[in-house]
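Trainee: Given the coordinates of chain V, work out where chains C and R should sit on it, guided by the hints.
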Amino acid sequence: MDTFLAQFLAGLATGGIYASLALALVMIHQATRLVNFAQGELAMFSTYIAWSLVQAGIPYWVAFGLTLLISFAAGIAIDRLLLRPVRGSPALPMVVVFIGLLVILNSVAGWIYTYTVRPFPSPFPSEPLFGQHYISSHDLGAIGVTLAMLAAIYAFFRFTPLGLAMRAAAQNPESARLVGIRVGWMRALGWGLACAIGAAAGMMVAPIVFLDPNMMSGVLLYAFAAALIGGIDDPFGAVFGGFFVGVLENLLGAYVIGQELKLTVALVVIVAVLVVKPSGLFGRTLARRV
Amino acid sequence: MSEPQLLRVEGLHAGYGATQVLHGVDFEVAPRSVTALLGANGAGKTTTLRAVCGMVKTRGTIEFAGRRIDGCATEDIARLGIAHVPDGRGTFVDLTTEENLRLGGITRGGKRALAGDLERMYGYFPRLEERRTQQAGTLSGGEQQMLAIARGLMLRPRLLLLDEPSFGLAPKVVAGIFEILRAINRDEGVAILLVEQNAAMALELADHAYLVETGRIAMRGEAARLRNDEAVRRSYLGY
Amino acid sequence: MAAGNLPRSRIAPRKWAALTALFAALCVAPFLLSNFSVFQLTLVLAYAIVLLGLNMLTGYNGQISLGHGAFYAIGAYVAAILMDHYGVPYWLTLPAAAAVCLVAGFLFGLPALRLEGPYLALATFALAVALPQLLKHKALQPWTGGVEGITLVKPDAPFGLPLNADRWLYFFSLAVAIGMFFLGRNLLRGRIGRAMVAIRDNPIAAEAMGIDIALYKSLTFGVSAMFTGVGGALGAIAVQFVAPDSFNVFLSIAFLVGVVVGGLATVQGAVYGALFIQFVPNIADRISKAAPWAIYGIMVILFMYLAPGGVASFIHRISERWRRRT
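Protein chains in written order, with the numbering used here: chain V, 1 to 290; chain C, 1001 to 1239; chain R, 2001 to 2326.
Chain V extracted, bound-state conformation (with noise of 0.2 Å):
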């Protein structure tokens, strides 16, 4: 019973960061009808950035929220730049060019920081809290850092004007447009929120899997999963997709499959749902149009 509860947290703390991730997926996929494959990348190379921060001596809490910055501009700088030329274009130019992001964000981070094996700082205390043994520091920290973001998030768009307006952008563009929202620019916020989220996600999973610029094909797999499961259009989905993930991920992993093939049950996940309920335990049917 003991180790099935420490297996449970643990699971929750990686299902924190799958269900951020997811859920940058799933912003995006909403407002653009996109599927990021760069995300995990992305993550990963804002993490690198957070590294080099601290490493030059500046203390942890700055260099996160200026890692969430940079990765905020530059999710922006993304959107403008780069997909603004081929917005509207068929399915395998857009898969391609981001499929050529994943790839050059993975080589550079290679080129700069090279492919070893690095050490993340976790802002946390290493010996577990209140001397229990169900979970560590680290991981209650992430489950919290997690919780954080999502309800500022959560808050951001129900609450606030501005995440009104991004919500009708997303849904319905041209009458966006009909009430004088700038819909690119609100689009290209969405991809800046998106990367922010992406980066909070990345720092807080390097601490575990440990810093390298392989680290993120795994938990992108997972946040895949997470959001399918949740429905690839439905925010909420995605986060309870990803804490549903994780925790069932570290079950299987030390109960029933070993932990040698977590990534293959990711895969059964994914093309199980894809195939069977592609809008997701959430999600609604999409009609497509003739």
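Read the hints as simulated data drawn from the structure, not as lab findings. Predicted model only: the values in this text are computed from it and were never measured. Each residue gets a CB set at the ideal place from its N, CA and C atoms; glycine is no exception. Mixed in with the good hints, there may be bad ones.
[Stated by the list, open to error] Here are the simulated distance ranges between beta carbons:
1) C/Gly-1088 with R/Asp-2285: 53 to 61 Å
2) R/Asp-2285 with V/Leu-69: 29 to 37 Å
3) C/Gly-1024 with R/Leu-2183: 56 to 64 Å
4) C/Gly-1176 with R/Glu-2207: 58 to 66 Å
5) R/Ala-2205 with V/Lys-277: 42 to 50 Å
6) V/Arg-84 with C/Gly-1024: 18 to 26 Å
7) C/Pro-1004 with V/Ala-152: 45 to 53 Å
Mentor: Relative to the frame of chain V, chains C and R by itself:
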């Protein structure tokens, strides 16, 4: 010395890709007036409204309050004071009624002014106030039409473009809406450009009217005159 | 999306001349080059077969695959296991790899039927990411050799022909490649090719015209996988080694890059793409270990924006201009 026209359209050509729909349309909307665009299905009435809002590619001159707006982006045209209530209502179906209204005024700052405008809209359309937290997609057709009009008015526009407001609605509901439109035009001085297949109701409300046939203006004049015109009565009014 | 046309029914005499000259050059080349260069050319041939297969699926049929490295791996492992565990002669492993991959591709194509564009890309992406871990699994270890993989021995020339192993394998691969290209070209030229393109361009209209979309899409997947598997088997024999980490997601990405750069929906694009993915890393490696991938990424984005028809369409345009001048 008469006031300059609020909206002046000259030599407007517009279409969708290879299909040209408008072949040189000229018309004007005077400030604070109600102007009707009549015509059969496919004549180009909706395309005209979309052209004014920059939603289709155009050739020709479109002038709003003396300034050229052809070629401008839709959102910029909206910010200049033209509110377009599209055919199909264009409701944000996943958002609540009140969120839809707030979106109408989103480009205007000032929380207190917005709150005041919301109250005014609820005054015109009490049914919307009853349903303010309800998801907009679950409103009835008539309620969605009211919502769309109210959303347009939240912009505090000088010109309101209405595309087939009577579509799919029971006559009593349509009559009610047209009453409110009359009140809005009279009390707030908002000019209205109304596209309607229901010629009879449109001519009741309008001061001026234009008849659109296959992408051109076939007839123009005061609404009263068109109402009594033989040809119009036979083709569009049914008697 | 710009795409090549289906192969024309008859090859113009001018083209026959060019192809014959090319063939002659390909036969002479191994005697003029070092063994290592011959080995590299052999890999180019293997990749060309792979890219022809991928092009069928993605270029002609419009199904985006980010997971063809998996079928390459299956072909490679089939060859390796048969040779290493069962002593099967190398040339027999190719039809075996072809058969296994045809079935595997068809089976994967069935659930993939319902997936469009980016979602199919996502499913195949997941396959590519998950595969190395699966290959390393304990249960499969007695077959796959786990992390260390399987080492193979290069076959000698048969009948005591005076060719060293590298040259022999090169000619063998050349023969296989020519055979596969003719097979591919005939497939694309006929009803199957037209059905593929119709499904890509307007699936609803295609279905209305009576094309069984489910059958053709799954078949295309299977055939595409089959070509890739044959290429994988050849590649395994040439490299003399298979291991799980050689078949990671970046291999699949390299294939997609090759197809885009070479020229989508063209037969010759497979060759240009194969040359690209074999030789660009070699040149770029000297700058930095990470550089090849940066170049892949930049090139693929540039091509997608500026030259969506790939090298094939570029060369086509130049040869047209030349022809008009003379």
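Trainee: Decide, hint by hint, whether the structure agrees.
Mentor: Structure-based check of each hint:
1. C/Gly-1088 with R/Asp-2285: 53 to 61 Å: Since C/Gly-1088 and R/Asp-2285 have Cβ atoms about 57 Å apart, the given range 53 to 61 Å holds.
2. R/Asp-2285 with V/Leu-69: 29 to 37 Å: holds, 36 Å
3. C/Gly-1024 with R/Leu-2183: 56 to 64 Å: Roughly 59 Å apart at Cβ, these two residues keep to the hinted range, so it holds.
4. C/Gly-1176 with R/Glu-2207: 58 to 66 Å: Violated, since C/Gly-1176 and R/Glu-2207 (Cβ atoms, about 47 Å apart) do not stay within the stated range.
5. R/Ala-2205 with V/Lys-277: 42 to 50 Å: Taking Cβ atoms as reference, R/Ala-2205 and V/Lys-277 lie about 28 Å apart, which means the hint is violated.
6. V/Arg-84 with C/Gly-1024: 18 to 26 Å: violated, 34 Å
7. C/Pro-1004 with V/Ala-152: 45 to 53 Å: Cβ of C/Pro-1004 to Cβ of V/Ala-152: about 50 Å, so the range 45 to 53 Å holds.
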